[in-house]
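Trainee: Residue strings, one per chain:
6 protein chains.
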Amino acid sequence: MKISARNVFKGKIVEVTKGATTAHVKIDIGGIVVTSSITNAAVEDLKLAAGKQASAIIKASDVMIGID
Amino acid sequence: MKISARNVFKGKIVEVTKGATTAHVKIDIGGIVVTSSITNAAVEDLKLAAGKQASAIIKASDVMIGID
Amino acid sequence: MKISARNVFKGKIVEVTKGATTAHVKIDIGGIVVTSSITNAAVEDLKLAAGKQASAIIKASDVMIGID
Amino acid sequence: MKISARNVFKGKIVEVTKGATTAHVKIDIGGIVVTSSITNAAVEDLKLAAGKQASAIIKASDVMIGID
Amino acid sequence: MKISARNVFKGKIVEVTKGATTAHVKIDIGGIVVTSSITNAAVEDLKLAAGKQASAIIKASDVMIGID
Amino acid sequence: MKISARNVFKGKIVEVTKGATTAHVKIDIGGIVVTSSITNAAVEDLKLAAGKQASAIIKASDVMIGID
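Residue numbers (this note's numbering), protein chains in the order written: chain A, -1 to 66; chain B, -1 to 66; chain C, -1 to 66; chain D, -1 to 66; chain E, -1 to 66; chain F, -1 to 66.
Isolated chain A, as found in the complex (with noise of 0.2 Å):
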């Protein structure tokens, strides 16, 4: 499936954290760590695991730019 939102990169996860009900994916897009909040359900579908092949994926209207 290709999807419309912009910001697709592949990467490796690093860390799978789940809590009661949410968990935490890291994923490494080379180089630079982005954090994720995901359901425990998507986590177990997508048998997300530390070292497996994977994209982070953002909708170009839920990314802010800062300056200093």
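Please note: incorrect hints may appear among the correct ones.
In this list, chains with the same sequence are indistinguishable; a pair is considered to hold if it fits within one copy or across any two.
As the list claims (entries may be wrong) - With a cut-off of at most 27 Å between alpha-carbon atoms, the simulated BS3-like pairs for lysine-lysine come out as follows:
hint, residue 1, residue 2
1, K45, K10
2, K45, K24
3, K10, K50
Note that these hints are calculated values from the structure, not bench results. Model, not experiment: these values are computed from the prediction.
Starting from the structure of chain A, add chains B, C, D, E and F where the hints point.
Mentor: Just chains B, C, D, E and F, lined up with the frame of chain A:
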């Protein structure tokens, strides 16, 4: 200001495209280009322009994971 | 690609309206019409047009519940 | 109250799962089951439970489009 | 309708600016002016205009925290 | 850091509730209490606690409008 968003990536703006009310800003963070959709008002307020240093900021709950 | 978003609903595009930078896409998923606001760039990249098969994708944390 | 969100779909709650702070609510809207991630506080405040009538509410800017 | 979003603040619309597809609405909630970006279709459907009573509605997962 | 988000409201934290992975933070901005759902990691990183000065930050595209 320090922000709760888990993803704050420093980089350089490579393109700013203003629309009627919404602008698209592309920012290069270490070789990865992130596309952001923000208000024209934010572009003007922060004086965003190609070549300027800036950060892409993304809340963890706005990051999805995809696998092939 | 398989995605962590819990809501992926197959359907058919019924309308695409492009603005200056932001487009609105309506997609019929089994009799329910979902309205999506995405970038013009995504519409062009995915060649979205009325009559094409497509899926509406929504992260669980973006769904609210209302009661009467 | 009438809301600006373009997607308001009436249905019936089929499952409520509470976690430590975050709950997952599944709602059937005409044969399509939508998964929502909301606060436990909202579940208590709205007295959400399986079998109750409710609507799934989604802002257009939170809907992505995917194609195969 | 009562909504799961934890943040519902009553106020008065102070400005409506329509773009090609996306509108910006400013609403004063007790001296604080909140800026909202919604579809033009929502503005027309709800007949939003400066001076009208309205509420700003924000899901808890869309609120970040910053410290100086 | 200055941020593109149109809504940055200074206030004081009134409550921090940590869950398994997700925390809820309530912040009083001039008499209005805003509820935020962020990662436990953010609470620890920013040392958020009741009584501390902080800002609520909300992107314009995450604000909906409701009318009675």
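Trainee: Work down the list of hints and note, for each, if the structure agrees.
Mentor: Going down the list of hints, with the structure as the test:
1. Taking identical chains as interchangeable, the C-alpha atoms of K45 and K10 lie at most 27 Å apart only when both belong to the same chain, with a minimum of 13 Å there against 29 Å between chains.
2. Taking the shortest Cα distances, K45 and K24 sit within 27 Å of each other both inside one copy (14 Å) and across copies (21 Å).
3. In this assembly of identical chains, the alpha carbons of K10 and K50 lie at most 27 Å apart only when taken from the same copy (6 Å versus 30 Å across copies).
This entry satisfies every hint, going by the numbered hints stated previously.
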